[in-house]
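Visitor: Residues in the sequence shown are numbered from 138 upward in steps of one, following the numbering used here.
These are calculated hints, taken from the structure and not from any lab test. Do not rely on the hints blindly, as some may be mistaken.
[Stated by the list, open to error] Restricting the straight-line Cα-Cα distance to at most 16 Å, the calculated cross-link-like pairs of lysine to aspartate or glutamate (EDC-like) are: (1) K335 to E324; (2) K239 to D277; (3) K197 to E324.
[Claimed, not checked] So the derived label-pair ranges between C-beta atoms look like this: (4) S184 to K240: 50 to 58 Å; (5) T385 to G333: 16 to 24 Å; (6) D199 to N347: 18 to 26 Å; (7) S236 to I300: 13 to 21 Å.
Since the structure is predicted, the reported quantities are computational estimates derived from the model, not experimental observations. Think of the CB as a built atom: it goes at the ideal place given N, C-alpha and C, for glycine as much as any other residue.
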Amino acid sequence: MKEFFNDKNIKSLSIIILGGLVFFLFTQSFVAIADIKIRAKVANASSVLTFRGSAEIEAKPDIVSFNITIRESEKDVAVAQQKMTEKSNKLLALLKEKSVEKKDIQTAGYSTNPRYNYEGEKQVLQGYEASQTIVVKLRDVAKSGEVLSGISALEIAEVNGPIFAVDDEDKLRLEAQAQAIIKAKAEAKITAKNLGIKLGRIVRFNEELNHNFVKPMMMARGVVSSEAMDPVQIEPGSKKVSSVVFVTYEIE
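All chains, full assembly: derive it from the sequences and hints.
Guide: In structure tokens, the structure reads:
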């Protein structure tokens, strides 16, 4: 027993006890800091107010796009490609006549594929199909019906569209946001007055955006008939962008 309580063992025991005490205090300090942070969050949460504002901007579309696909089928691949090229050139001439700029005409696809039929279990080559898809953007929406009528006269396989849009949609979004913020600030001012409190700086801002497009009246989507020689009547509808904002103030 006396050997256990020698200087060496007492020193080792003291180190162990001291280490345990330091670890305990270190752990408790972390718990205390976490508790302080939680209390601070609660205090901060109770010293702010959030206000909502909403606004909607409506604008007429100022650009319209069409996806135009030219298809030609022939037994000889070169003949199919030649016919497709001729029709494509006529389309480009029409678009130039309607003042469509080159930058607004894009070839989106070009392909040549064999066509087969089955005779019993045998696959028989019937010919080839050459196709080209061109995306056209019109910056004069009023001309869309006129352009479609011109395309129909060319007996082009299919036209998908119109796809209406606002060219500078960011401007529309920022206008809606600005109006929504004004409304949120006005509500904050009135509420603070009614509550008899003073609001400080803005500490948080959130926004929800919503894009709503009113569908236009249009010619049936798909194949354009050469019988539709009168100008096609198309109503562009309208583009709506709404913004909902949440502005959070400190309470002084």
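Visitor: Each hint should be assessed against the structure and marked as holding or not.
Guide: We went through each hint and held it up to the structure:
With a CA separation close to 13 Å, the supplied pair K335 and E324 stays within the 16 Å bound. In summary, the hint linking K239 to D277 is supported, as the alpha carbons are separated by about 15 Å, within the 16 Å threshold. A distance of roughly 30 Å separates the Cα atoms of K197 and E324; the hinted pair therefore is violated under the 16 Å criterion. S184 and K240 have their C-beta atoms about 55 Å apart, which keeps the hinted 50 to 58 Å range intact.
Between T385 and G333 the beta carbons are some 20 Å apart, a value that agrees with the proposed interval 16 to 24 Å. In this structure the hint that D199 and N347 lie 18 to 26 Å apart at CB holds, the actual value being about 20 Å. Remark: the range hint 13 to 21 Å for S236 to I300 is upheld by a beta-carbon distance near 20 Å.
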